[in-house]
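Protein chains in written order, with my numbering: chain A, 46 to 200; chain B, 46 to 200; chain C, 46 to 200; chain D, 46 to 200.
A couple of the hints might just be wrong.
[Unchecked claim] Under the rule of at most 27 Å between Cα atoms (straight-line distance), these lysine-lysine pairs were calculated in the DSSO-like manner:
1) B:Lys77 <-> D:Lys77
2) C:Lys113 <-> B:Lys77
3) D:Lys113 <-> C:Lys113
4) D:Lys113 <-> A:Lys77
5) A:Lys77 <-> D:Lys77
6) B:Lys77 <-> A:Lys77
7) C:Lys77 <-> B:Lys77
8) B:Lys113 <-> C:Lys77
9) B:Lys77 <-> B:Lys113
10) D:Lys77 <-> D:Lys113
11) D:Lys77 <-> A:Lys113
12) C:Lys77 <-> C:Lys113
13) A:Lys113 <-> D:Lys113
[Said to hold, decoys possible] If you want a taste of the chain D side facing chain B, the calculated C-beta under 8 Å gives, among others:
14) Trp61
15) Ala66
16) Phe71
17) Glu85
18) Leu120
[As the list claims (entries may be wrong)] Ranges between beta-carbon positions, derived for each pair:
19) D:Gln95 <-> B:Gly91: 45 to 55 Å
20) C:His162 <-> D:Gln95: 21 to 31 Å
21) D:Leu197 <-> C:Thr167: 31 to 41 Å
22) C:Asp160 <-> D:Gln95: 21 to 31 Å
23) C:Pro186 <-> A:Arg185: 26 to 36 Å
Please keep in mind that the hints were generated in silico from the structure rather than gathered at the bench.
Here the structure is a predicted model, which is why all the values come from computation and not from measurement.
For every residue, glycine included, the Cβ atom is placed at its ideal position computed from N, Cα and C.
There are 4 protein chains.
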Amino acid sequence: MGEPGNGFVWPVRVYWEDTDAGGIVFYANYLKFFERARTEWLRELGIEQQRLRDTLNGMFVVTDTLLKYRQPARLDDFLLVTARLTEAGRASLTIAQSAYRCAAGTHTAANVPRDPHAQGNTLLCEGSIRIGWVDASTLRPHRIPDTILQALQRP
Amino acid sequence: MGEPGNGFVWPVRVYWEDTDAGGIVFYANYLKFFERARTEWLRELGIEQQRLRDTLNGMFVVTDTLLKYRQPARLDDFLLVTARLTEAGRASLTIAQSAYRCAAGTHTAANVPRDPHAQGNTLLCEGSIRIGWVDASTLRPHRIPDTILQALQRP
Amino acid sequence: MGEPGNGFVWPVRVYWEDTDAGGIVFYANYLKFFERARTEWLRELGIEQQRLRDTLNGMFVVTDTLLKYRQPARLDDFLLVTARLTEAGRASLTIAQSAYRCAAGTHTAANVPRDPHAQGNTLLCEGSIRIGWVDASTLRPHRIPDTILQALQRP
Amino acid sequence: MGEPGNGFVWPVRVYWEDTDAGGIVFYANYLKFFERARTEWLRELGIEQQRLRDTLNGMFVVTDTLLKYRQPARLDDFLLVTARLTEAGRASLTIAQSAYRCAAGTHTAANVPRDPHAQGNTLLCEGSIRIGWVDASTLRPHRIPDTILQALQRP
Numbered sequence: 046m047g048e049p050g051n052g053f054v055w056p057v058r059v060y061w062e063d064t065d066a067g068g069i070v071f072y073a074n075y076l077k078f079f080e081r082a083r084t085e086w087l088r089e090l091g092i093e094q095q096r097l098r099d100t101l102n103g104m105f106v107v108t109d110t111l112l113k114y115r116q117p118a119r120l121d122d123f124l125l126v127t128a129r130l131t132e133a134g135r136a137s138l139t140i141a142q143s144a145y146r147c148a149a150g151t152h153t154a155a156n157v158p159r160d161p162h163a164q165g166n167t168l169l170c171e172g173s174i175r176i177g178w179v180d181a182s183t184l185r186p187h188r189i190p191d192t193i194l195q196a197l198q199r200p
Numbered sequence: 046m047g048e049p050g051n052g053f054v055w056p057v058r059v060y061w062e063d064t065d066a067g068g069i070v071f072y073a074n075y076l077k078f079f080e081r082a083r084t085e086w087l088r089e090l091g092i093e094q095q096r097l098r099d100t101l102n103g104m105f106v107v108t109d110t111l112l113k114y115r116q117p118a119r120l121d122d123f124l125l126v127t128a129r130l131t132e133a134g135r136a137s138l139t140i141a142q143s144a145y146r147c148a149a150g151t152h153t154a155a156n157v158p159r160d161p162h163a164q165g166n167t168l169l170c171e172g173s174i175r176i177g178w179v180d181a182s183t184l185r186p187h188r189i190p191d192t193i194l195q196a197l198q199r200p
Numbered sequence: 046m047g048e049p050g051n052g053f054v055w056p057v058r059v060y061w062e063d064t065d066a067g068g069i070v071f072y073a074n075y076l077k078f079f080e081r082a083r084t085e086w087l088r089e090l091g092i093e094q095q096r097l098r099d100t101l102n103g104m105f106v107v108t109d110t111l112l113k114y115r116q117p118a119r120l121d122d123f124l125l126v127t128a129r130l131t132e133a134g135r136a137s138l139t140i141a142q143s144a145y146r147c148a149a150g151t152h153t154a155a156n157v158p159r160d161p162h163a164q165g166n167t168l169l170c171e172g173s174i175r176i177g178w179v180d181a182s183t184l185r186p187h188r189i190p191d192t193i194l195q196a197l198q199r200p
Numbered sequence: 046m047g048e049p050g051n052g053f054v055w056p057v058r059v060y061w062e063d064t065d066a067g068g069i070v071f072y073a074n075y076l077k078f079f080e081r082a083r084t085e086w087l088r089e090l091g092i093e094q095q096r097l098r099d100t101l102n103g104m105f106v107v108t109d110t111l112l113k114y115r116q117p118a119r120l121d122d123f124l125l126v127t128a129r130l131t132e133a134g135r136a137s138l139t140i141a142q143s144a145y146r147c148a149a150g151t152h153t154a155a156n157v158p159r160d161p162h163a164q165g166n167t168l169l170c171e172g173s174i175r176i177g178w179v180d181a182s183t184l185r186p187h188r189i190p191d192t193i194l195q196a197l198q199r200p
């Protein structure tokens with residue numbers, strides 16, 4: 046679901062499991078939404094995390110998170126979550142991410158919206174996630190495998 | 046995503062958030078997967094839970110859960126979750142639900158599998174969920190509104 | 046925190062993370078509360094699960110859950126969760142568990158209540174959990190190690 | 046559990062629910078651990094959040110989170126989580142928080158460790174959480190009630 050300028054976009058529906066007694070999405074759960082989008086972005090690039098672990102004995106771990114909460118989401122809201130690589134180091138990647146609420150009534154099963162900046166949409170949460178590559182057994186940092194770096198550089 | 050005989054079917058991807066240190070999906074999370082399928086089944090019938098609450102001041106609460114775990118799911122697995130109404134009382138509904146793992150390599154973004162019983166698929170978890178209709182303020186049981194019962198009876 | 050007749054008792058406080066937009070504890074989270082109590086019960090018997098895995102390469106997995114929800118819990122509620130072994134097979138254990146809400150004002154930091162059946166307490170959720178012992182690598186069922194069975198039989 | 050210089054300290058045990066398939070605590074769950082500590086810190090100051098909501102129709106919502114992950118925690122680890130007020134504005138509070146793993150074997154039921162900086166302990170995660178006071182119905186920002194600000198200023 047790539048969009049020029051937005052990077053990768055992934056849809057997320059808000060269920061009961063995501064909400065808290067304030068009637069809104071529990072703030073920690075945006076980290077889950079952001080990770081789903083990162084995982085699908087990597088999958089689109091041909092990178093399956095379970096397979097990496099089985100074949101390379103390595104995995105990504107999150108090392109830094111910075112989130113700003115702008116507006117709350119509620120049960121049944123339909124969100125678009127973005128992921129855009131902002132920095133690729135030898136052992137870590139930094140990804141900018143945002144969650145937008147889609148205006149009500151703009152989608153059906155046959156017509157899922159993909160443009161987070163469409164009219165009527167609202168920015169709910171934005172932030173930056175840094176992930177590092179580690180050996181899955183020792184959890185020590187390692188250089189990101191070339192196959193992953195090459196997949197990231199593909200246009 | 047209705048399938049004759051299966052009832053409603055909803056796809057669920059397994060992410061890091063769903064797993065535990067045993068390397069498998071944390072068993073409590075099947076209740077989340079089952080609820081996502083129930084929610085989408087109700088939505089397909091025209092029933093939006095947030096709207097029901099705003100307009101009727103009522104909501105469904107889970108009163109009984111019975112789950113049997115057959116096989117574990119792992120990171121990146123692609124599941125199909127079913128929901129089928131087995132009993133509709135005045136104040137409660139009983140829904141039979143199952144989760145199946147799709148055989149690897151059977152799907153692409155353009156071709157999402159829908160048949161939980163397709164060859165190579167594996168039954169992971171099955172069970173029964175009973176939900177009751179309550180007043181959202183008092184949480185006391187009430188008769189299920191006719192609009193909901195009628196939607197459920199539509200062929 | 047053993048109590049004659051009740052089996053093991055473990056206190057659980059309700060936080061935001063445990064609640065949903067219904068204003069009550071999300072039903073799936075009672076499985077978490079019950080597991081905390083089972084873990085602490087095993088720990089009291091001298092059984093540390095991470096150590097078992099490191100030394101015996103085995104672990105318990107949940108195979109069956111049956112829960113009945115009687116009354117809802119809310120933010121800040123203080124619960125007592127019980128765990129009592131009801132059946133010990135060769136490869137599985139069955140544990141009866143309940144969660145009670147303590148009457149308000151009955152406890153302080155220095156005086157944590159321990160009797161789930163004290164006057165004013167309310168039964169919220171009860172059920173039965175079956176766990177099986179599996180090889181941690183293959184996830185195949187195995188006989189429960191004697192050291193565990195012996196610890197369970199100690200008076 | 047106040048400690049001079051550390052601010053408030055709250056113990057957290059790592060259970061299966063907290064871990065992921067990497068064998069470590071899922072990073073989003075530190076936000077839960079931090080919130081438990083903030084909640085208990087407020088409770089120690091006489092501030093019960095459910096009561097505030099019932100009486101003042103207001104609640105705290107998280108507006109900013111910044112977390113750095115230093116070392117992973119594993120199943121059965123015993124953590125100490127700190128909370129220290131670093132800034133009190135008219136409508137928001139900023140709290141510095143950390144999680145430390147206690148060295149193995151340093152505690153029993155009768156002797157819970159309280160010093161996060163004790164020898165052998167390890168800093169796992171640290172960060173800063175900003176919370177704002179909002180009207181519980183409109184979710185709009187409001188001045189923090191004087192009763193709360195006064196409780197925070199008590200020595």
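Against the structure, the hints:
1. B:Lys77 <-> D:Lys77: Answer holds: Lys77 (chain B) to Lys77 (chain D) is near 19 Å, not above 27 Å.
2. C:Lys113 <-> B:Lys77: holds, 17 Å
3. D:Lys113 <-> C:Lys113: violated, 40 Å
4. D:Lys113 <-> A:Lys77: Within the cut-off at roughly 17 Å; holds.
5. A:Lys77 <-> D:Lys77: holds, 13 Å
6. B:Lys77 <-> A:Lys77: Judged against 27 Å, a Cα distance of about 14 Å means the pair holds.
7. C:Lys77 <-> B:Lys77: holds, 13 Å
8. B:Lys113 <-> C:Lys77: holds, 17 Å
9. B:Lys77 <-> B:Lys113: At roughly 15 Å apart (the allowed maximum being 27 Å), Lys113 (chain B) and Lys77 (chain B) satisfy the hint.
10. D:Lys77 <-> D:Lys113: holds, 15 Å
11. D:Lys77 <-> A:Lys113: Holds: Lys77 (chain D) and Lys113 (chain A) sit about 17 Å apart, inside 27 Å.
12. C:Lys77 <-> C:Lys113: holds, 15 Å
13. A:Lys113 <-> D:Lys113: holds, 15 Å
14. Trp61: At 5 Å from the nearest chain B Cβ, Trp61 (chain D) passes the 8 Å test, so the hint holds.
15. Ala66: holds, 4 Å
16. Phe71: holds, 6 Å
17. Glu85: violated, 24 Å
18. Leu120: holds, 5 Å
19. D:Gln95 <-> B:Gly91: 45 to 55 Å: Because 35 Å falls outside the window, the suggested range is violated.
20. C:His162 <-> D:Gln95: 21 to 31 Å: holds, 24 Å
21. D:Leu197 <-> C:Thr167: 31 to 41 Å: holds, 33 Å
22. C:Asp160 <-> D:Gln95: 21 to 31 Å: holds, 24 Å
23. C:Pro186 <-> A:Arg185: 26 to 36 Å: With a Cβ separation near 34 Å, Pro186 (chain C) and Arg185 (chain A) satisfy 26 to 36 Å, so the hint holds.
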